[in-house]
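Student: Below are the chains, spelled out letter by letter.
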Amino acid sequence: MFKKQKAMKVISKLCMGIVILIILSPLGLFLPEYFKAGSAWGEWGADQIKSLVGYIPEGLGKLSSLWNAPLSDYTFKGWEDKPLAYLGFSYIISAIAGILLVALVILLLGRIILGKNNG
Amino acid sequence: MHIPDGYLGLPTCGVLYAVMLPIWAAASKIVKNTLKAKQVPLLAIGAAFSFAIMMFNIPIPGGSTGHAVGGVLVAILLGPWAACIAITVSLVIQALLFGDGGVTAIGANCFNMAFVLPFTGYYVYKMISFNSPRGSNRRVIAAGFAGYLGINLAAFLTSVELGIQPVLHQSAAGQALYCPYGLNITVPVMAGEHLLIFGWIEAIVTALVVKYLQKQSPELIV
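Line order of the protein sequences matches chains A and B. At position 101 of the first sequence (counting the first as 1) the number is 101 in this note's numbering, and the numbers step up by one without a gap. At position 197 of the second sequence (counting the first as 1) the number is 197 in this note's numbering, and the numbers step up by one without a gap.
By construction, these hints were calculated from the structure, which means they are not laboratory data. Glycine included, every Cβ here is placed at the ideal spot set by N, Cα and C. Hints are supplied without guarantee of correctness; some may be wrong.
[As the list claims (entries may be wrong)] In silico DSBU-like pairs for lysine-lysine, Cα to Cα no more than 35 Å straight-line:
1) B:215 <-> B:36
2) A:9 <-> B:126
3) A:50 <-> B:32
4) A:82 <-> B:211
5) A:4 <-> B:29
6) B:211 <-> A:36
7) B:32 <-> A:6
8) B:126 <-> A:13
9) A:3 <-> B:32
10) A:3 <-> B:36
11) B:32 <-> B:126
12) B:215 <-> B:126
13) A:77 <-> A:62
14) A:62 <-> A:36
15) B:29 <-> A:9
16) A:77 <-> B:215
17) A:82 <-> A:50
18) B:29 <-> B:215
19) A:4 <-> B:211
20) A:62 <-> A:82
21) B:215 <-> A:36
22) A:3 <-> B:215
23) B:215 <-> A:13
24) B:32 <-> B:215
25) A:9 <-> B:215
26) A:3 <-> B:29
[Said to hold, decoys possible] Stretches of chain A that chain B covers, calculated by requiring three or more beta carbons in the stretch to come under 8 Å of a beta carbon on chain B:
27) 3 to 16
28) 22 to 36
29) 39 to 51
30) 76 to 83
31) 87 to 98
[To be verified] Here's a subset of chain A near chain B, in silico, CB distances under 7 Å, partners left out:
32) 64
33) 66
34) 67
35) 69
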């Protein structure tokens, strides 16, 4: 019993850590903006590629629009040009949605992979 | 390090999906036999941690950004196969929901960040920490090295996958069809920025959390 309580305590502490990361997550948006750092190397959109090498590679142009993600770049659709504070808000909501979904999928996968007869 | 759609030709994407399929199959088989049900919530937190840490883009002023992956930490705590599953789930959701990393490149991104990174990190950690006590500083240093080497090898392989594209795919006019930069650019840039900056972030994150867990819940450190 004592062991189980201790395990629960560890889990809730780690969850608190994740919550803190969620609250701080907009730093991952604001700091690059502040230092004018642009996007990650090799992760440019087709337009940026054009300004870098002078043309849009044909295959890249075709494939890059293949998938239309619902929360592209961790931003709500249509919010791309809103002030930074709005983007920070959608970044936090994205973090919450992503983290809940990731955790849920792992819990489900755990149940499927391990079955019910394990510990 | 998330390769978007369009940077890799479909043959490269296909090969790396094909490489990952048996790895994913092995991971679920091995995790079935080694992971305890009570460790599943911890794995969920590990995957969530990896997802969250990847949102912290670190700027190179005036240049580009990058981030830690957090995957070496998950590998140290729960083993490389469980880490592979955790990071894969994180990467798939990033690609599908947030357009971070391409859908055609899920195989490639998983190979780099969900396979090479946790396995490199795990074995480096095991080698350096060999038999040292749970609470020792040697384990903290081992975790740091493991994070540094894990993310750097992953970044190097990413740069190779990108850099071979101009050789593999060209239009009749000699223009690149996918990633336009060759190995002479992709390798120094990506390896350089990870050796100099992002590798240290992964190292510090990994080492600090191990240090914290040594104090708070040493039973998690193996």
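Student: Work down the list of hints and note, for each, if the structure agrees.
Tutor: Hint by hint, here is what the structure shows:
For the proposed pair residue 215 (chain B) and residue 36 (chain B), the alpha carbon gap of about 23 Å is at most 35 Å, so the pair holds. Distance check on the hinted pair: residue 9 (chain A) and residue 126 (chain B) sit about 27 Å apart at the alpha-carbon level, within 35 Å; holds. With a CA separation close to 47 Å, the supplied pair residue 50 (chain A) and residue 32 (chain B) exceeds the 35 Å bound. Distance restraint check for residue 82 (chain A) and residue 211 (chain B): the Cα-Cα separation of roughly 40 Å exceeds the 35 Å cut-off, and the hinted pair is therefore not satisfied.
As the CA atoms of residue 4 (chain A) and residue 29 (chain B) are separated by approximately 27 Å, the hinted pair is consistent with the 35 Å bound. Between residue 211 (chain B) and residue 36 (chain A) the CA atoms are separated by roughly 33 Å; this keeps the pair inside 35 Å, and the hint holds. Simply put, residue 32 (chain B) and residue 6 (chain A) have alpha-carbon atoms about 25 Å apart, close enough for the 35 Å limit, and the pair holds. For the hint pairing residue 126 (chain B) with residue 13 (chain A), the CA-to-CA distance comes to about 26 Å; that is within 35 Å, so the pair holds.
Proximity of residue 3 (chain A) to residue 32 (chain B) is assessed by CA-CA distance (about 23 Å); at most 35 Å being required, the pair is judged to hold. The suggested pairing of residue 3 (chain A) with residue 36 (chain B) holds, with an alpha-carbon distance near 15 Å, which does not exceed 35 Å. Taking the CA atoms of residue 32 (chain B) and residue 126 (chain B), the gap is near 22 Å; set against the 35 Å cutoff, the hint holds. Between residue 215 (chain B) and residue 126 (chain B) the alpha-carbon distance is near 20 Å, which keeps this suggested pair within the 35 Å criterion.
Under the criterion of a C-alpha separation no larger than 35 Å, the hint pairing residue 77 (chain A) with residue 62 (chain A) is consistent with the structure, at around 21 Å. Taken as a hint, the residue 62 (chain A) and residue 36 (chain A) pair is honoured in the structure, with Cα atoms around 29 Å apart against an allowance of 35 Å. Taken as a hint, the residue 29 (chain B) and residue 9 (chain A) pair is honoured in the structure, with Cα atoms around 30 Å apart against an allowance of 35 Å. As the CA atoms of residue 77 (chain A) and residue 215 (chain B) are separated by approximately 44 Å, the hinted pair breaks the 35 Å bound.
Proposed proximity of residue 82 (chain A) and residue 50 (chain A) is supported: the alpha carbons are some 25 Å apart, at most 35 Å. Under the criterion of a C-alpha separation no larger than 35 Å, the hint pairing residue 29 (chain B) with residue 215 (chain B) is consistent with the structure, at around 33 Å. Taking the CA atoms of residue 4 (chain A) and residue 211 (chain B), the gap is about 23 Å. The hint holds against a cut of 35 Å. With a C-alpha separation of about 28 Å, the suggested pairing of residue 62 (chain A) with residue 82 (chain A) holds against the 35 Å cut-off.
A C-alpha spacing of about 39 Å is found between residue 215 (chain B) and residue 36 (chain A), which places the hinted pair above 35 Å, so the restraint is violated. Restraint check for residue 3 (chain A) and residue 215 (chain B): satisfied, since their Cα atoms lie roughly 17 Å apart, inside the 35 Å limit. A threshold of 35 Å between alpha carbons decides the hint, and for residue 215 (chain B) with residue 13 (chain A) the separation of about 13 Å falls inside it, so the pair holds. With a C-alpha separation of about 30 Å, the suggested pairing of residue 32 (chain B) with residue 215 (chain B) holds against the 35 Å cut-off.
Under the criterion of a C-alpha separation no larger than 35 Å, the hint pairing residue 9 (chain A) with residue 215 (chain B) is consistent with the structure, at around 14 Å. Of the supplied pair hints, the one linking residue 3 (chain A) and residue 29 (chain B) holds, its CA atoms being roughly 28 Å apart against a limit of 35 Å. Proximity of the stretch 3 to 16 of chain A to chain B, defined as three or more residues with a beta carbon under 8 Å from a beta carbon of that chain, is established by the 7 residues found. Against chain B, the stretch 22 to 36 of chain A contributes 11 residues with a C-beta closer than 8 Å to a partner C-beta. That satisfies the three-residue criterion, and the hint holds.
Only when three residues or more bring their CB closer than 8 Å to a CB of chain B does the claim for the stretch 39 to 51 of chain A stand; here the count is 7, and the claim holds. Against chain B, the stretch 76 to 83 of chain A contributes 0 residues with a C-beta closer than 8 Å to a partner C-beta. That does not satisfy the three-residue criterion, and the hint is violated. With a threshold of 8 Å between beta carbons, the proposed coverage of the stretch 87 to 98 of chain A by chain B holds, since 5 of its residues qualify and at least three are required. The interface hint given for residue 64 (chain A) is met, as the beta carbon of that residue sits about 4 Å from the closest beta carbon of chain B, less than 7 Å.
Evaluation of the residue 66 (chain A) hint against chain B yields a held restraint, the C-beta minimum of about 5 Å falling below 7 Å. Because the closest C-beta pair between residue 67 (chain A) and chain B is about 4 Å apart, less than 7 Å, the hint holds. A least Cβ separation of about 3 Å between residue 69 (chain A) and chain B falls short of the 7 Å threshold, and the interface hint therefore holds.
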